[in-house]
Amino acid sequence: MQAAAHADVHAHEAHGHGDHHHEESWLEKYVFSRDHKTIGKQFLITGMFWGIVGGLLSVLFRIQLGWPNETFPFLETFLGRWAEGGKISSDFYYALVTMHGTILVFFVLTGGLSGTFANLLIPYQLGVRDMASGFMNMLSYWFFFLASLIMFSSFFVQTGAASGGWTAYPPLNGMRDVAISKGSGLGFDLWALSMTLFVVSSLLGSLNYVATILNMRTKGMTMMKMPLTIWAFLFTAVLGILSFPALLAGVSLLEFDRLLGTSFYLNDIVINGNLLDYKGGSPILFQHLFWFLGHPEVYIIILPAMGIVSEVLSVHSRKPIFGYRAMVISIMAIVIISFLVWAHHMFVTGMNPNLGAVFVLFTLLIAVPSAIKVFNWIGTIWKGSLRLNTPMLFAIGFVSLFISGGLTGLMLGNSAIDIQLHDTYFVVAHFHIVMGVAAFFGMFAGVYHWFPRFYGRYMNETLGLIHFWGTLIGGYAIFFPMHFMTGLPRRYYTFANFETFNNFDNLVVFISVAAMVVFSLQLMFIVNFFYSIFKGRKVEGEVCNPWGGTTLEWTAPVERLHGNWPGEIPTVYRWPYDYNVNGRDFIPQTEPLKPGEVEHK
Amino acid sequence: MTVLIATAIFILLFVVLVYVARASELAMVLNGEDKDTSKWSRFNGYMSLGFLVLFFAGIAWACKLFIPVMIPKSASLHGVQTDNLFYITLFFISVVFVLTHVALFWFTYRYNEANNKEAYFYTHNNTLEVVWTVIPAIVLTVLVVMGMRVWFGIFDVTKRDAKNMMVIEATAKQFQWSIRYTGKDGAFGERIIDKEHITPENELGVNWKDENSHDDFFAKEIYLVKNKPVLVKIGALDVLHSFYLPHFRVKMDCVPGIPTQFYFTPTMTTKEMQEHLSTQPWWQQVNPETQKPRWQTFKYELACAELCGSSHYGMQKDVIVVEQKEYDEWFKEQSSYYEAVVKPTLTSEEKPAEKVQALVSK
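Chains as they are written, first to last, in this note's numbering: chain A, 1 to 601; chain B, 1 to 362.
Watch out, some of these pointers could steer you wrong.
[Unchecked claim] Simulated restraints, written as ranges between beta carbons of each label pair:
hint: 1; chain 1: B; residue 1: G32; chain 2: A; residue 2: S520; range: 30 to 38 Å
hint: 2; chain 1: B; residue 1: W106; chain 2: A; residue 2: F78; range: 42 to 50 Å
hint: 3; chain 1: B; residue 1: V16; chain 2: A; residue 2: T262; range: 57 to 65 Å
Note that these hints are calculated values from the structure, not bench results.
Backbone N, C-alpha and C define an ideal beta-carbon position, used for all residues, glycine too.
Working from the sequences, and respecting the hints, build out all of it.
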């Protein structure tokens with residue numbers, strides 16, 4: 001396998017050497033590109049678009065939650081009948097929360113995050129000219145694009161976008177009947193179609209990543225010499241390959257129920273006093289299929305962020321990552337256990353309580369490798385010489401958020417406590433901190449850190465710092481207070497109908513304002529991003545190595561090159577974390593060991 | 001117009017920001033700070049300390065403000081146990097939270113390049129790795145064991161007081177609850193799920209030929225008796241709902257086609273809870289809507305906790321916990337659904353089911 005791969009790399013070189021590959025036409029270079037760097041940028045910019053849309057949706061529903069009794073005429077100007085009289089309708093509210101979840105989980109934090117950095121870094125950090133299949137990689141993006149188009153178009157259908165929750169539980173979403181739920185009409189069909197294409201995109205991408213990582217590493221790049229980013233992408237891809245098909249199956253069967261009249265998920269449904277013909281299905285079956293993807297999905301989101309953070313912390317601490325081997329093992333442990341915890345989303349769905357016990361055990365167990373990672377990150381910055389620039393700060397912020405959000409998982413994962421907390425704002429606080437804001441921080445750390453690799457320029461540091469401190473404080477301001485709303489059901493349009501839940505008037509306003517501030521700060525990030533592409537400070541020198549990194553992506557020239565390296569691809573001699581060793585600031589992976597020097601094990 | 005002005009100001013703000021950024025970047029290069037970043041690192045080191053203080057102070061302040069507002073102590077037997085488990089877990093995670101955050105932000109300050117020019121090459125330490133694997137593992141094992149004891153305590157069928165408990169049936173549909181009581185005989189009328197029995201007048205499909213059904217009644221509010229265990233049989237007609245009693249720490253999904261249940265014991269009457277709250281400062285506040293102190297209008301409520309459609313947020317029902325005597329009085333006042341609604345539509349010769357069927361076909 002290994003030999004064959006090398007032969008392939010060399011063959012690739014043989015015909016591409018010197019004049020450096022074929023000329024790319026404009027269309028090939030910028031649109032239907034098979035170049036991993038361009039595809040990475042395409043994922044990033046599409047992800048940023050979705051980030052703005054998803055964020056905007058949350059601002060809209062925060063307006064409703066913060067000021068449920070007031071009207072805002074400008075909303076009607078923009079939204080028409082969805083906000084008649086300047087008040088968001090409850091149907092539209094549920095469409096907003098549904099689409100907010102779907103977009104951020106799948107299109108931003110999966111497509112945008114994994115798609116961007118796996119594409120950029122796998123070939124670069126492994127010393128490969130491009131992905132195993134450039135064509136498949138291109139298809140992966142264009143399926144993602146198509147899925148995006150369809151998802152976006154669902155906002156514009158008569159009955160509105162899907163509104164039954166991003167989890168798409170039947171029977172609410174299981175019958176094509178707008179009398180049950182407006183979003184259960186065409187909006188949901190488009191949702192399902194879009195998700196199907198998204199799964200295709202994800203599989204094409206993931207297979208490619210795995211193939212590239214396993215087969216195409218450059219000479220000397222053994223598995224244990226790979227940067228932690230690559231380990232993270234490898235396991236993210238494995239998770240995706242094993243779990244996304246379950247979602248595909250689940251959603252397909254759901255569409256069978258909706259369109260063909262089967263009863264996979266439906267049984268004894270009574271609507272307006274009429275017993276429908278569905279017989280023998282189980283709504284809980286869908287939940288099992290959904291969460292079999294849904295839980296690994298949160299690790300699909302967080303693992304790349306963890307990989308990025310490990311790398312960024314080490315580079316800017318000028319210090320090796322602490323416990324490299326433990327980091328790799330803990331990723332593996334997380335991946336394996338993440339397949340055995342899905343039903344902790346279902347403790348009170350009527351699933352057998354004995355079954356719940358198993359999932360409590362594994363859910364709490366997964367905290368062990370997570371804890372190992374946190375301690376190793378803190379160990380990494382201990383006695384470092386920290387360069388506190390924007391990427392580093394975002395990485396540190398990630399660790400803080402991952403701790404704060406992760407710890408409450410110990411409460412939610414314990415089924416007895418979860419009875420009260422399930423589907424309340426406590427859960428909203430938990431997962432937004434641990435996989436929402438934290439994953440965003442990982443993504444921002446990555447964007448600020450590898451922006452010079454993408455565009456040969458730096459992002460603006462001043463705007464970056466405002467972005468960081470504002471988002472850290474603002475992010476906590478939004479989600480930390482939600483812990484106190486223990487017991488308040490989530491997905492409530494208003495709490496006015498309940499004496500019990502109507503006690504947080506000032507707090508909901510505070511959260512809404514914080515959400516708007518944080519959203520504006522993200523717009524600032526976007527401004528910074530596009531401004532810096534054209535006007536940012538340039539990276540100096542022939543080779544693009546602005547941070548003094550050891551890994552291979554920093555051995556390539558500044559200008560974008562199809563094939564990444566002008567001459568031979570680099571050969572690797574040492575592990576990726578030789579910082580501040582032997583009296584040198586850093587030693588690139590390409591530098592052979594000195595006589596007598598012991599290779600890091 | 002105001003929207004336009006707001007938008008214009010917003011855009012202007014961004015333009016200003018861009019220019020500030022540009023200027024600062026130029027200044028950065030002029031001062032050589034692009035090569036030597038220690039000045040920026042020092043600044044961010046102080047920011048990091050400031051954040052640490054702000055963060056902890058903010059949490060303390062939020063606790064002071066919001067803990068009194070939260071849903072009060074548990075009014076059920078098992079709820080006390082789950083709450084205790086919550087607090088025990090909270091203790092452990094607070095310790096970890098504080099220690100790790102102090103370390104994280106203190107190190108960020110202490111070891112930034114302005115304070116520490118030379119990093120210490122230190123790749124791993126297996127003893128440390130073992131320590132911070134084993135300690136969490138032990139704590140987690142303790143939590144799992146405690147959690148399982150409570151969990152099985154709640155759901156173990158053999159631990160039920162079957163003789164003494166009352167049974168009620170809660171059925172959810174978009175967007176209301178129907179609560180069925182057994183009547184004097186202590187048994188529900190049988191329900192048959194077929195098109196003959198399920199009609200708009202009889203959505204539950206109750207078989208009126210079953211005599212057990214004759215004294216069943218539907219209650220406007222859920223009445224429960226203090227210290228008397230109750231088994232709630234839970235179901236749904238159309239989509240998923242969730243039977244949620246926040247004050248009793250009870251939550252169980254209502255699933256069409258799959259019956260679920262929850263067994264619990266209320267321990268405080270509504271009055272007792274009100275008296276308890278009347279001693280607490282926050283609950284003295286006058287509610288602007290009712291013009292009464294909040295503790296006076298306190299009530300137990302039933303809510304839906306699983307997204308069920310456009311009026312999901314409105315599925316409210318009052319829950320009233322009383323002493324046995326008061327319950328008996330209330331119970332006497334309830335009239336059987338069969339007697340009050342179904343029977344008057346029947347003539348003596350006709351079999352009930354046929355009659356109802358005939359009614360439907362009209």
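Looking at the structure, which of the earlier hints fail to hold? Of the numbered hints given earlier, the structure breaks none, since each of them holds.
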